[in-house]
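If you want the building blocks of each chain, they are given just below.
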Amino acid sequence: MRWTRRILVAAGTAIIAYAVYGAIHDPDTAPAGQLAFLAAVVIAHDALLMALTIGSGILIGRLLPVPIRKPVRAAAIISLTLTLMALPLVLGRGRRPDDPSALPLNYTRGLLIILALVWAIALATAWRTKTRRPNHADTEA
Amino acid sequence: MVREPDDPVNDHVPTPHTATFVHSGRAALRWLRTPLPAPPASLRRGPFQNGAFPSRLRSPRLTALLGVALALAFGTCFVTGLLDHLIQHPPGWFHWPSRPVWLFRFTQGLHVATGLATIPLLGVKLWSVYPRLFRWPPARDPAHAVERLGVLVLIAAGLFQLVTGVLNIALWYGPMHFFFPSAHYWTAWLAIGAILAHIGVKLPIIRTGLTHRPPNAVPPGTLTRRGLLAATAGAAGVITLATVGQTVAPLAPISLLAPRRPRTGPQQLPVNRSAAAAGVRTLAADPGWRLILDGPAGTTRLSLGDLAALPQHTVSLPITCVEGWSADAVWTGVRLRDLIARAGGDPDNHEVLAESLETAGLYRSSVVDPAHAHDPLTLVALQLRGEPLHLDHGYPARLIAPNRPGVLQTKWLSRLTVRPER
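Chains as they are written, first to last, in this note's numbering: chain A, 1 to 141; chain B, 1 to 422.
Simulated from the structure, these hints should not be mistaken for lab results. Small disclaimer: the values here were computed from a predicted structure and weren't measured. Be careful, since some hints might not be right.
Stated by the list, open to error - Far from chain A, by Cβ distances over 12 Å, these chain B residues were calculated: (1) R33; (2) R263; (3) D392.
Stated by the list, open to error - Cβ pair distances, simulated, as ranges: (4) B/P296 - A/P31: 42 to 52 Å; (5) B/F134 - A/P31: 26 to 36 Å; (6) A/D28 - B/T300: 31 to 41 Å; (7) B/D141 - A/R96: 45 to 55 Å; (8) B/D141 - A/T108: 10 to 20 Å; (9) B/S303 - A/G33: 23 to 33 Å.
To be verified - From the derived model, a few chain B residues whose C-beta atoms are all more than 12 Å from chain A: (10) P40; (11) P47; (12) Q49; (13) A145; (14) N168; (15) Y173; (16) L196; (17) G200; (18) R213; (19) A231; (20) N272; (21) P296; (22) G386.
Heads up, the beta-carbon is just placed ideally off N, CA and C, and yes, glycines get one too.
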């Protein structure tokens, strides 16, 4: 395992060096813009998104009755990641008047429909858990 | 006889040069492992405090399972992305076949679908290790600091690839102050290198995580490990179903977030670059248009009528965009290999430089290598689904070949140069 680890670390470091060299020497790249974007995504994730995620988890744990928390947590995870992915489509800033075949759908409507389905399933699950096994819900802990 | 001086291990009499080298190397290793002074405890506040992250759900096993899935996902994206890069910028050793017809459509569809499904995977994986961002002291020794820097590179590169990829398929280039294809390509190398190094560093804990199953000691109302993994897989599944219809046509009706619909566009086919955007509307609609055919036998100029008078063939070939969408279409036109023969070339060892009416732009021309040029499915198409090509689909004539990225299916052809393969 020792040599496997050494080889992995050495190969990884060499590839990172190749990437940095390539990015700097590629005439089509803009290293400053790229570096700024790399920093921006880390800050946005670590400072905003994680705070939002963990904060939502805490709120669910404080505000909701125990039996429905689990399906709500699952639905929240799905909703958050789906919304993040859909956001650029919903904003529609990439639409081009000369090409209606690009981004042809109403993505706000699409996102709301899928979120409604996800939450309908989550609430149905919560309701079933609550009514079926009132004494056994969440006792595996 | 004098002994070889470069054997310090055996004779223990290193040359001064080797001795210095070994000495400084050992000193560097020692320095890397020298404990760093602990920062003042008064700075240990907020998330840095003990117990700031009370969730019992986090465990090496959870992180290792998510890590394996993530490594497979990034590996898939890296291989399929690299393939697209090689097809578009082929080095001498690389040859891409013209069959199977669906191969590129599959690899590029997989690239985008895998990338999108990776969003929840990466999010939950980073959640599972988030408290480590606030570990105390921040670094034990310089080696540990270097390792943490490597993790920063990994996270930045991973997030960068997913965010820029999503922006690209949403055609939103405003936030990206760089050329997307180059940045996405080089950051892919950065990510894959950082992943390999990370696996190397973490191998013992990955092994422990995969082989040991700690009890699920979570309080009521909290997701279990299995529950969290199921929710993550569910999120990946919902995202996939919501988008994959852009390339899997039968799923298009339920893919409410697909950036394209395979049957939506002029002549029921999506357009990547319109004639207006390419600035060719006037030239393409000009009745005086001629296709210049250049080859060993000389130069001929073919009108649309001349091309239509040549033997016509009808083929069913998909258009595949690197942005992950693809759509079937039926094309009618002249076989490229017939035109190569007409220009005095041999389709088996001649390539064709196809140039567009566009005067500028990255994709104004493409090279059709012999594998594609002699394929009977490769056409200079004049019709789409039995009608003359729509202006946005490349009227008066465009290239269509099997198993190639859409950006190489040159539209609004102006000149074909038949030349020996380089």
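Each hint, compared with the structure:
1. No Cβ of chain A approaches the Cβ of B/R33 within 12 Å, the least distance being about 15 Å, so the stated non-interface status holds.
2. Distance check on B/R263: its Cβ comes as close as 10 Å (rounded) to a Cβ of chain A, failing to clear the 12 Å threshold; non-interface status is violated.
3. With a minimum CB-CB distance of about 7 Å to chain A, B/D392 fails to clear the 12 Å threshold, and the non-interface call is violated.
4. Range check, B/P296 to A/P31: about 45 Å between beta-carbon atoms, so the 42 to 52 Å window is met.
5. Checking the proposed 26 to 36 Å range against B/F134 and A/P31 shows it holds: the Cβ atoms sit about 30 Å from each other.
6. Taken as a hint, the range 31 to 41 Å holds for the pair A/D28 and B/T300, whose Cβ atoms sit roughly 36 Å apart.
7. Checked against the hint of 45 to 55 Å, the pair B/D141 and A/R96 passes, with Cβ atoms roughly 54 Å apart.
8. Between B/D141 and A/T108 the beta carbons are some 51 Å apart, a value that contradicts the proposed interval 10 to 20 Å.
9. Here the CB-CB span from B/S303 to A/G33 is close to 46 Å, at odds with the stated 23 to 33 Å.
10. In this structure B/P40 is separated from chain A by more than 12 Å, as the shortest Cβ-Cβ distance comes to about 23 Å.
11. For B/P47, the shortest C-beta to C-beta distance to chain A comes to about 10 Å, within the 12 Å cut-off, and the non-interface label is violated.
12. Here B/Q49 stays apart from chain A, with its beta-carbon at least about 15 Å from theirs, past the 12 Å limit.
13. With a cut of 12 Å on Cβ distances, B/A145 stays outside the contact zone with chain A, its closest approach being about 15 Å.
14. A beta-carbon of chain A comes within 12 Å of the beta-carbon of B/N168; the shortest separation is about 9 Å.
15. At the 12 Å boundary, the C-beta of B/Y173 falls inside the reach of chain A, the nearest C-beta of that chain being 7 Å off.
16. Distance to chain A contradicts B/L196 as a non-interface residue, since its nearest Cβ pair spans about 3 Å, not more than 12 Å.
17. Non-interface call for B/G200 relative to chain A: violated, since the shortest CB-CB distance, roughly 3 Å, does not exceed 12 Å.
18. With a least beta-carbon separation of about 14 Å from chain A, B/R213 lies farther than 12 Å from that chain, consistent with its non-interface assignment.
19. Distance check for B/A231 against chain A: the nearest CB is about 4 Å away, which does not clear 12 Å, and the non-interface claim fails.
20. For B/N272, the non-interface assignment is contradicted: its Cβ lies about 8 Å from the closest Cβ of chain A, within the 12 Å cut-off.
21. Residue-level check passed: B/P296 sits 34 Å from the nearest beta carbon of chain A, beyond 12 Å.
22. Distance to chain A confirms B/G386 as a non-interface residue, since its nearest Cβ pair spans about 20 Å, more than 12 Å.
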